[in-house]
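Colleague: All chains should be built: construct the whole structure from the sequences, respecting the hints.
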Amino acid sequence: MYLYDDRDRCLLRERVRQFRDQTTRYLQGDLPEDQFRPLRLQNGLYIQRLAPMLRVSIPYGLISASQLRRLAHIARTYDKGYAHFTTRQNIQFNWPQLPEVPDILAELAAVDMHAIQTSGNCIRNITSDEFAGIAPDEVEDPRPWCELVRRWSTFHPEFAYLPRKFKIAVSGSESDRAAIQIHDIGLQLVKNAAGALGFRVYVGGGLGRTPVIGEVIGEFIEPRHLLTYLEAILRVYNRYGRRDNKYKARIKILVKVWGAEVFGARVAAEWQHLKDGPNTLTEADFAHARQFFTAPAYEAVDVAAADATVSACAAAERAFARWLERNVRAHRVPGYCAVVLSLKPVGVAPGDVTDAQLDAIADLADRYAFGEARVTHHQNLVLADVRRGDLPALWRALKAQGFATPTIGTLSDIICCPGGDFCSLANAKSIPIAEAIQREFDDLDYLYDLGDLTLNISGCMNACGHHHVGNIGILGVDKKGEEFYQIQIGGEAGSRAALGQVLGPSFYAPEVPRVIARILDVYVQRRLEGETFIETYRRVGVEPFKDSVYAKAA
Amino acid sequence: MPKLLKAGSFTIDAWRRLDADAARIADGDALLFPLPVWLARRDALLARDSSHTGIWLNGDEEPEQIAADIHRFGCIAVNFPTFMDGRGFSCGRLLRERYGFRGELRAVGDIFVDQLHFLRRCGFDAFELPDDTSLDTARNCLDAFSVHYQAACNPA
Ligand code: HEM
Ligand code: SF4
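Sequence lines, in order, name chains L and W.
If you're matching positions, the first sequence starts at 1 in our numbering and goes up one per residue.
If you're matching positions, the second sequence starts at 555 in our numbering and goes up one per residue.
Don't read these hints as lab results, they were simulated from the structure.
In this text the structure is predicted, and so the values were computed from the model without any measurement.
Where hints are given, some of them may not hold.
Unchecked claim - Covered stretches of chain W, as calculated for chain L (at least 3 residues, CB under 8 Å): (1) 631–644; (2) 697–704.
Said to hold, decoys possible - Stretch-level coverage of chain L by chain W, calculated; a stretch enters the list once three of its residues show a Cβ under 8 Å from a Cβ in chain W: (3) 16–26; (4) 229–242; (5) 277–288; (6) 509–519.
Claimed, not checked - Chain L is nowhere near these chain W residues, computed Cβ spacing over 10 Å in every case: (7) Leu572; (8) Ala576; (9) Ile624; (10) His625.
All C-beta atoms, glycine included, are put in the ideal place defined by N, C-alpha and C.
Modeller: What follows is the structure, given as structure tokens:
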């Protein structure tokens with residue numbers, strides 16, 4: 001994990017001092033509301049329906065046990081005892097008081113954390129793969145690159161007043177778990193024929209009102225040119241992105257209007273001037289960034305003995321066997337595995353955790369995973385380096401804390417935005433829909449039989465729940481003041497990113513579980529041996545699903 | 555009257571923006587020519603001394619258009635139509651880093667003190683601020699950070 005040095009700490013202290021001063025001037029009436037707004041947003045502070053919300057940055061999802069404990073303390077002291085992990089690997093507090101926010105920032109700075117650029121029209125938290133560094137299918141560890149991009153983008157003086165927010169994601173493996181194609185910039189680490197490392201650069205992806213899958217403008221950008229190339233993209237966007245209409249201000253609109261080819265050519269022209277300039281990376285920069293992401297001190301594990309322990313427990317306890325099947329992932333080091341902690345038990349808003357749970361995660365990370373945890377964009381957590389032999393004990397501890405719901409990657413592992421319960425932009429509630437679906441499909445055998453399936457819910461077209469790229473996507477819509485839900489299928493967030501297709505007219509909330517059941521029935525009837533939901537959809541198309549969902553009751 | 559912050563103090567402004575429809579151009583006055591005026595009368599204006607010849611660029615105007623004449627200007631003012639419009643930050647860096655402008659680079663229009671630090675890092679060295687701006691606040695804001703993670707324009 002990246003460790004702060006004196007310069008990083010100095011920067012954070014200066015940031016806290018700056019924001020304290022800005023808040024004081026605002027509260028005294030010396031800083032007008034409209035000017036304070038971008039400043040507080042760039043510090044992650046929203047004013048939402050019920051109270052302010054503070055979004056704290058977790059760079060590319062990596063967090064240490066001591067940081068988790070500090071978050072627990074903040075939830076307890078300044079909030080109502082809970083917090084919320086987001087789809088961008090960050091964490092949010094929903095009830096902080098504005099005058100206390102500078103104190104919260106000081107508490108965060110003491111553990112090298114902050115809320116810098118977690119909102120506002122700037123470059124946001126860099127996101128990545130929660131299995132970075134341990135995934136068997138990894139080409140190259142993305143974390144050092146995330147860190148280099150994080151530093152470059154932090155307080156970048158030219159890009160703090162962009163036309164709109166800007167999100168960058170980095171993937172280092174063959175199967176993209178960071179959803180890079182739905183980001184403003186997606187960076188894919190690749191190796192060329194000669195075995196040299198480079199970046200395939202996607203631009204213009206994004207969801208919201210106008211969902212777009214990103215397009216490639218750079219097939220192979222050499223690592224040392226990464227930052228100057230990014231700077232060229234950002235400069236073209238900063239200069240030519242629309243500013244007259246916030247719904248048309250994202251880079252995706254500029255890329256669409258110009259076409260990816262023209263956009264890419266403009267970037268290349270700008271880059272000619274920046275290339276080899278002062279932001280060019282050196283071998284020393286690479287080495288510095290890489291030294292923080294070395295493997296932890298893995299022990300030589302007696303793999304056969306560990307497997308025997310695990311098998312014995314699985315034979316004795318069905319629940320453990322199920323958890324093992326869904327919540328434990330392969331690791332490139334023999335005898336180790338990654339464990340996903342589910343934050344999706346039925347009846348809890350996806351991603352919510354209490355202060356006590358945060359403390360418990362910190363203890364488990366210390367005990368079983370080298371003191372580190374990771375946040376996933378599915379709003380779960382990962383302990384990345386667990387000895388296989390520890391799985392039974394870890395499972396019991398997770399069960400006691402409510403993190404062992406064995407449904408990772410299934411229909412029940414829903415991504416869901418805060419929706420109408422919390423968000424002033426909502427057309428409809430979303431959390432109760434997630435809960436109704438979880439209750440309807442609570443039979444684990446059925447969920448497992450359905451296999452890998454993503455279901456995403458957003459309470460309005462801003463698409464915070466990424467409904468466009470869920471295999472099943474649910475969108476809250478408002479019809480003459482009443483809440484309805486539009487359902488789409490066929491979306492995908494990974495390497496074969498695709499937007500879902502709307503099935504047809506929308507439904508009342510109570511109808512939603514039944515509609516989902518019909519969609520699932522079509523899949524079960526039509527699937528071929530071993531086919532996942534999305535594979536069946538790709539083969540049979542949307543029509544059979546439409547026919548079933550809108551069939552007149554016989 | 556806005557105040558001009560330069561070299562850490564409020565100073566008397568020597569420059570005046572020429573009205574687009576001004577009939578007469580006084581020789582000795584330090585004037586900022588709106589880009590269209592400069593482009594239209596360039597041949598005649600080239601005779602002026604750079605010490606009192608400047609340009610006033612609007613947010614949507616391209617610094618590329620004055621690149622060839624850049625050393626003929628003593629001052630370039632970049633206008634920020636609203637404080638949320640960040641194009642001027644790119645404009646500043648281009649003028650300094652790409653076109654090598656060495657004169658006074660002034661941020662004018664709808665800017666506020668909390669932007670000063672970034673403006674300076676984008677090459678600006680003079681700032682037109684509202685009349686009621688406190689000098690202490692402005693100085694604090696200019697020096698908000700002593701550490702930077704990326705290369706940009708750093709004040710001499
Ligand atoms: C309750 C307060 C919230 C408000 C007011 C809000 C508002 C918005 C708005 C207006 C957008 C659209 C921006 C655009 O398209 O340019 C957006 C996008 C997004 N929001 Fe939220 N949001 C909130 C909470 C959340 C939460 C809790 C999460 C994570 C779980 C989240 C994740 C996202 C993501 C990932 C996007 C990007 C979608 C894209 O790529 O366009 N938001 N949000
Ligand atoms: S999708 Fe809409 S309802 Fe949901 S959090 Fe985002 S803005 Fe709010």
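Colleague: Next step is simple, just say for each hint if it's right about the structure.
Modeller: Verification of the supplied hints:
| no. | hint | verdict |
| --- | --- | --- |
| 1 | 631–644 | holds (count 7) |
| 2 | 697–704 | holds (count 7) |
| 3 | 16–26 | holds (count 4) |
| 4 | 229–242 | holds (count 3) |
| 5 | 277–288 | holds (count 3) |
| 6 | 509–519 | violated (count 0) |
| 7 | Leu572 | 26 Å, holds |
| 8 | Ala576 | 30 Å, holds |
| 9 | Ile624 | 15 Å, holds |
| 10 | His625 | 19 Å, holds |
Violated hint: 6 only; the structure is consistent with all others.
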